[in-house]
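Student: The residues making up each chain are set out below.
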Amino acid sequence: MAEELHTRKVLEPLGWILQLLTGLLLAILITFHFFETHLIAHDALAFENVIARLTDPAHKVMYGLLLASVSFHAFNGLRAILLDTEFGARNTKAINILIVLVILGAFIYGLGLLFTF
Amino acid sequence: MDLLKWFEVRGKSLFYISYSLHRITGLILVLYLVMHLSYLTSLRFGEEIYESFIATTVTPTFLIFDILLVLVGVYHGVNGLRLILHEFGLAYDVRRPILYLSYFLVLVLWLYASYKLYVFIVGV
Amino acid sequence: MENKDKSNMGRDVIFRIKRFDGEKSYWSDFVVPAQKGMTVLEGLYYIKGTYDGSLSFRASCRMGICGSCAMKINDKPRLACETQILQLNSSKIKIEPLDNFRVLKDLITDFEGFFAKHEAVKPYLIRKDDNYAEPVELIQKPEELHAYYDFTLCIKCGACFSVCPAAATRDDYLGPAAMAAAYRFNIDTRDEGRDERMFMVCSDVGVWRCHFAAECSEVCPKNIEPAKAIQKLRFQAAVHMIKKALKRW
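Residue numbers (the working numbering), protein chains in the order written: chain Y, 1 to 117; chain L, 118 to 241; chain G, 242 to 490.
Using 25 Å as the maximum straight-line C-alpha spacing, the simulated PhoX-like pairs for lysine-lysine come out as follows:
hint	chain 1	residue 1	chain 2	residue 2
1	G	K265	G	K335
2	L	K129	G	K335
3	G	K369	G	K488
4	G	K484	Y	K93
5	L	K122	G	K346
6	G	K397	L	K129
7	G	K485	G	K369
8	G	K363	G	K382
9	L	K129	G	K463
10	G	K317	G	K289
11	G	K317	L	K129
12	L	K129	G	K473
13	Y	K93	G	K485
14	L	K122	G	K265
15	G	K277	G	K335
16	G	K317	G	K259
17	G	K346	G	K265
18	G	K335	G	K346
19	G	K317	G	K265
20	G	K259	G	K333
21	G	K289	G	K346
22	L	K122	G	K259
23	L	K129	G	K259
24	G	K317	G	K397
25	G	K473	G	K488
26	G	K317	G	K346
27	G	K363	G	K463
28	G	K289	G	K277
29	G	K333	L	K129
30	L	K122	G	K317
31	L	K122	G	K397
32	L	K122	G	K335
With the C-beta cut set under 8 Å, the calculated list includes, among others, these residues of chain L facing chain G:
hint	residue
33	L120
34	R127
35	F132
36	Y136
37	H203
38	E204
39	F205
Treat the hints as calculated values from the structure; they're not laboratory data. Heads up, the beta-carbon is just placed ideally off N, CA and C, and yes, glycines get one too.
Chain Y extracted, bound-state conformation (with noise of 0.2 Å):
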């Protein structure tokens, strides 16, 4: 029985910590981000604003922080929610590797226009 059920998983505790950090990086972030583009300034989402904020070194380092812990909180999640049903106990190590090549994916697409900029 013990042995029918197993499947070995390293990264399921780095997988579960890490959730929980960025869920707390982000709880930070988010409402900096929210504050400094809708409650500040009236203009802050004027192009040249945005453009201002995406060449400012500190921005990009903040931007660059956000980016990776809501691209591996969200579809870290969403491994979570797939994994819980009978359909991701079939496909788990299908579904692991998509959801790292998407968390890689949306990570590459967000640095892309970080350095563009």
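Chains L and G: place on chain Y using the hints.
Tutor: Okay, now just chains L and G, sitting in the frame of chain Y:
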């Protein structure tokens, strides 16, 4: 469908309802993230196209979606902080007061953010 | 005083029971003359004796210790023997078998998988120095006992498993009861089998499927708080697995 059992809240406590809502808001936020990241590509096409995107989405008509999105985000955030606390094995014995506190916080933060958004987009 | 007199009088209550005969499921209604102090289980025996001998349910001790009679009463899983009819305060009582279990007949569900999962986490003391020829007393301080004592009170009634959203969509999920048992033995100072137990607990069907809906703790008739055990167990599991991975390097 078995998946609907995640959202079967009849006879369940507020803890379970929070679980269902956390799952729904999470899925909505994943969709929003994809939309938000795609939207940013408009920056590559220059000022004119970007500003036309902004002109259609930052409007009083879209305000209702913004306010709903803020509710979804604030809920997922505050409830998520509660879950993080408990998943690290902390404060389990006061989980009920913390649960009620989290709903109160969601309401306060949402009303505050919605008011500020309203002022920002519509003006006073 | 007036209220007390009223509840003493007793009244007729309708039992609306979900039936299953192996092929189709249907609802049956029965009228039960409820007295003060009468339990739902006694109501079921009354129905079986008076109206319909084919009504099937599992029960044994009638005093909340065998864990046989958990069923969904007015949408909540409870022990039929510990739920008094008049205290439910409704003229119609809806009784269904537990969710997340396969129904065999009427209110009887299949517990084979549930018990197998319990067995899979090795819920017993594992010692490296077992010597049955010359047994030695295993010494434990009171505070070491109190650390796990509450979790020993589980009666395996399945109420927690029936409300767990992870168990609803994964048949192979260990579930709250089995993992609470694993935690109970993991933190027992006399135990040396943590590694063996973690093998199951850390797997795909173990702690990673729990997202703290915490409904298991809400419905547990013994208040053993399985949700608490699982959160602590998951932390233990994460530390255990990361340590192992580092050692392998």
